[in-house]
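Respectively, the protein sequence lines represent chains A and B.
1 is the number of the first residue of the first sequence in my numbering; add one for each residue after it.
1 is the number of the first residue of the second sequence in my numbering; add one for each residue after it.
Since the hints were derived computationally from the structure, they do not count as laboratory data.
Possibly wrong hints are sitting among the right ones.
Computed footprint of chain B on chain A; a stretch qualifies when at least three of its residues, placed anywhere within it, have a C-beta under 8 Å from a C-beta of chain B [stated by the list, open to error]: (1) 13-22; (2) 54-65; (3) 68-78; (4) 104-114; (5) 129-143.
Restraint ranges, calculated between C-beta atoms of paired labels, are given here [unchecked claim]: (6) A/Met59 with B/Asn91: 42 to 48 Å; (7) B/Pro132 with A/Thr120: 57 to 63 Å; (8) B/Glu25 with A/Gln55: 26 to 32 Å; (9) B/Ser209 with A/Gln55: 22 to 28 Å; (10) B/Thr205 with A/Lys36: 41 to 47 Å.
Yeah, the Cβ is synthetic: ideal placement off N, Cα and C, and Gly gets one too.
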Amino acid sequence: MEWVGNSAASREFERFAANASDPLLRTGFLMTGNAKDAEDLVQETLLRVARRWNQVRSMDHPAAYARRILINLVLHDADRRARQRTELRPHEGAAELADDYAARALREVDDQAEFRWALTRLPARQRAVLVLRYWSDLPVAEVADILGCTEGTVTSTASRAAARLAEVLARTMPTATRPAVPHT
Amino acid sequence: MPTDELEHELRRAFASAAAGYQHSEQARQRLLQRNYRTRSGDRRLTAGITAAVAAGSVVLSLGLSGGLGSSPGRGTGTIRTAAFTITRNANGTATLTINPQVLFDTSTLQSDLAQYGIPATVTTGSFCSSDPAPGGFSQVVTFSPAFQGDSGPQHVQDPTVTINPATMPAGTELSVGAFQVSNGDDTALALINTASYTCTSTAPTTPPSSGALLHMSPASGMARQGRNYPRG
């Protein structure tokens, strides 16, 4: 029956890929800001899942495993390029902006492309925190597990990342529409 | 910790940004047509030539007419590898020519058949069948040269197999099993019920029930084919 199992496993993987590819593509798109890069990223992710499918298929949430692979691919690439671990520290020279300022800045954005572009200006780990929390809608604990950090780091990074996002967006806005910078 | 208002705005912004991913379905189709079982992996998704290495043979998959991302059922095209050629015909059928000199890679053939809308289970060193075998094999698979008579081996030159996916009964797929035997290669074909079949590593010596058996002799280039289903 071994061959039946292998053939059934192949079809099971194909069904998994069919269901998982769309959310993976969108996650990849948000993480890279580029459709071609997202597609390459998801291909690599599915390749890695396929190689370990015999183990992955028995997991409770194979899709979550695939997402974890995708995020780690981006972070590994960013680490390789940057060769430094500054992503979880505040951007040097940036003022600490209040959450309500960041919220106002986001509310003013009506151009998706601008938001995606601003997202790519974030360090990869800050971007990952935002994508996993507010696109994938994962709880803080799960984000912490994926990124290998504490829950406190996730929440503080989320605030800093949002502030950084607002700062980038504010620079591209016409002066008249920029939210007022809070006094610090 | 981010305020509720900030989190609300972030979710709204991300939902809008993700919805703006316009090419998702095309990208998804390209990803699903890729073979994730090749040993060394195929990393390029650009339309045109992609390459994968399997068992020491260079396998070239030429882009389908209309470029990658064309869904099965449209247009014509040819996939040509060292081990086999599949040609999609204008009437929706696909013609498979097997090179007796090269044992094909099962995952490549299975994936390429799937590209042309032909669900298949392709194995080497084993063959999968259903008991009872689903009917309709002769409507799905035809041979050239055509079989003469109802049974018995027939010596032919360069046989081709034409598969019509439109006539495949619901819940079935094509089973293709290849074996290396002492004097060449045997390829067994049959329809199987997708939900119920078993596989055996014993090379069939006679055509499977409601199926066919091709014997390829690389030395002479001749093939012998036998079938086990009524004419028509």
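Original post:
Tell me, which hint numbers fail for this structure?
Top reply: Hint check: 2, 3, 9 and 10 fail, others pass.
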